[in-house]
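Colleague: Sequences listed follow chains U and L, in order. Under my numbering, the letters of the first sequence match residues 1 to 189, in that order. Under my numbering, the letters of the second sequence match residues 1001 to 1297, in that order.
Simulated from the structure, these hints should not be mistaken for laboratory data. Just so you know, not all the hints are guaranteed correct.
Said to hold, decoys possible - Just a sample of chain U residues kept apart from chain L, beta carbon distances all over 10 Å, derived:
(1) Asn22
(2) Asp42
(3) Ser62
(4) Arg83
(5) Val122
(6) Met124
(7) Gly140
(8) Leu151
(9) Gly152
(10) Arg154
(11) Asp157
(12) Gly175
Said to hold, decoys possible - Cross-link-like lysine to aspartate or glutamate pairs, in silico, DMTMM-like; alpha carbons within 25 Å at most:
(13) Lys70(U) / Glu1159(L)
(14) Lys70(U) / Asp1230(L)
(15) Lys1176(L) / Glu1017(L)
(16) Lys1141(L) / Asp94(U)
(17) Lys70(U) / Asp6(U)
(18) Lys70(U) / Glu1017(L)
C-beta atoms are modelled at their ideal positions from N, C-alpha and C, and glycine is treated no differently.
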Amino acid sequence: MMMHIDVSSVLRQTLSCELYSNLVTRPTGAAVRTQIEALLADARERSLTVIDFSHVGMIDFSCADEVVAKLLLRYVAAERDSREAYFLFRGVTDDHWDAIEAVLERHGLALVMETGDGARIVGMVNEGERSAWEKVLELGRAGAADVATALGTRADDCARLLEGLHRRRLLMRLGDGYVAVGGMDELHA
Amino acid sequence: MTSVITVPPSLDEHSFEQVVDQLQGVAPDARLLVDARHTRWASPYGLTALLALGQTREERPTLAVPEFDDTASYWARTAFFQHADGLFDLRGTVPKVKGGETTVLLEITPVVGSEDVHEVVGRIQQKAQQILQRELRIDAKATVGFAMTLSEICQNIVEHAGRGGWVGVQAYTYKKRPPFRRVVVIAVCDAGLGFRQSLESAPGRVRNDRWDDAAALEEAVIRGVSRFRDPGRGQGLAGVRRYIGRWDGKVSVRSGTARIAIVPPWDDDVPLLEKLAPFPGSQVQVTIPERVTGALR
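Can you make the complete structure from the sequences, with help from the hints?
Modeller: Encoded structure:
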């Protein structure tokens, strides 16, 4: 199941006001996140949601903490929950990035961002994780052995990396392989 | 008997201390005359702090307005009198607001709730872009950070002050130390709880012997500590610090009896002042200077 959430529309509904296009203040962020979570509540066991910032003017740190960090924290490694929620962030510009980067750092989080050049992993990931994620994106669908061969690393090390990225909801597990969030256009999540 | 407080000729974050000093020993319910007749200039900090002073009084004080036409007209253009009217009995001639060129980027605006922050951020964006690029020669990218900074400081009132405050933004020429340069200044003042009391309200907080206003400011401003246990809290001021660091700016925060500042090379302020005369709430000033090519001066 794939959903698209236009954050600016959610913001306008939340504030009941057409005038504001900025994601500022913590209460606003909390209200927007609650709305997004309500939209996700109907999702099936596994879902991919595009969080679209294209029409958001700016976002401040407090709002980024509520809308981005807390949203991710709720679903990252949510093993108690049978549902797997994945997110792809679209329309994030330099105007949003400072605040989003700061909250990702603060909480040790990472996300997948859609850019003009395709999907990109950003935030708190080490080089090994980044390489592994990028290789999975490049291969389309891959198991630990495929990625290890492509990167010239040990298969068991690679398996741990991929499992870690899956727990962080940056890779989706399909059968005995993985698909990168943002690299699954042809797949039905 | 009425106590008279004389407002200095030039009212800014430093000279406002003279006002606070004069308030010592004056009971909150005493009759008070704030005499600004001979004041020639005031920064947004000075004006918003004067409003905060009015907020602290139990007996409605009197404010003698500046006698100089230019000064009074300027104060009117900042919307100072519009808000002062609700706090003080105004004595003297209050000029009507005239149009024309102004260096006021954001008129003095009350901040009480979250919606006020939206309003302030929405109003500042266009003007800030113009002024930051044209006058301060700062990259257009700085505009968003400027609005974020404004938003986060205003939110401190909403989240921590326990009562409303005011924000004002203005561009002017910094003349404290050569070379003179254009600056944009954000001032946000309230007479609410202040940092120490806000942090003390954190559940389970243990006080120690070194705990005072200065320690509270160091925790909040330097270490990003918040009264909320939520690990995402405290990022606002950290973001402000990062922004001013990037653009060679300055931030100072006064609360209770202490004042902390992050001081750039072009200014000669002191990083920490303690044992000031007490004043309630929090008073914050952020200064972004004109970009000077070459070495920092």
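Colleague: Now look at each hint and say whether the structure bears it out.
Modeller: Hints versus structure:
{"no.": "1", "hint": "Asn22", "verdict": "violated, 5 Å"}
{"no.": "2", "hint": "Asp42", "verdict": "holds, 27 Å"}
{"no.": "3", "hint": "Ser62", "verdict": "violated, 6 Å"}
{"no.": "4", "hint": "Arg83", "verdict": "holds, 23 Å"}
{"no.": "5", "hint": "Val122", "verdict": "holds, 18 Å"}
{"no.": "6", "hint": "Met124", "verdict": "holds, 14 Å"}
{"no.": "7", "hint": "Gly140", "verdict": "holds, 35 Å"}
{"no.": "8", "hint": "Leu151", "verdict": "holds, 34 Å"}
{"no.": "9", "hint": "Gly152", "verdict": "holds, 38 Å"}
{"no.": "10", "hint": "Arg154", "verdict": "holds, 35 Å"}
{"no.": "11", "hint": "Asp157", "verdict": "holds, 30 Å"}
{"no.": "12", "hint": "Gly175", "verdict": "holds, 36 Å"}
{"no.": "13", "hint": "Lys70(U) / Glu1159(L)", "verdict": "holds, 19 Å"}
{"no.": "14", "hint": "Lys70(U) / Asp1230(L)", "verdict": "holds, 10 Å"}
{"no.": "15", "hint": "Lys1176(L) / Glu1017(L)", "verdict": "holds, 17 Å"}
{"no.": "16", "hint": "Lys1141(L) / Asp94(U)", "verdict": "holds, 8 Å"}
{"no.": "17", "hint": "Lys70(U) / Asp6(U)", "verdict": "holds, 18 Å"}
{"no.": "18", "hint": "Lys70(U) / Glu1017(L)", "verdict": "violated, 42 Å"}
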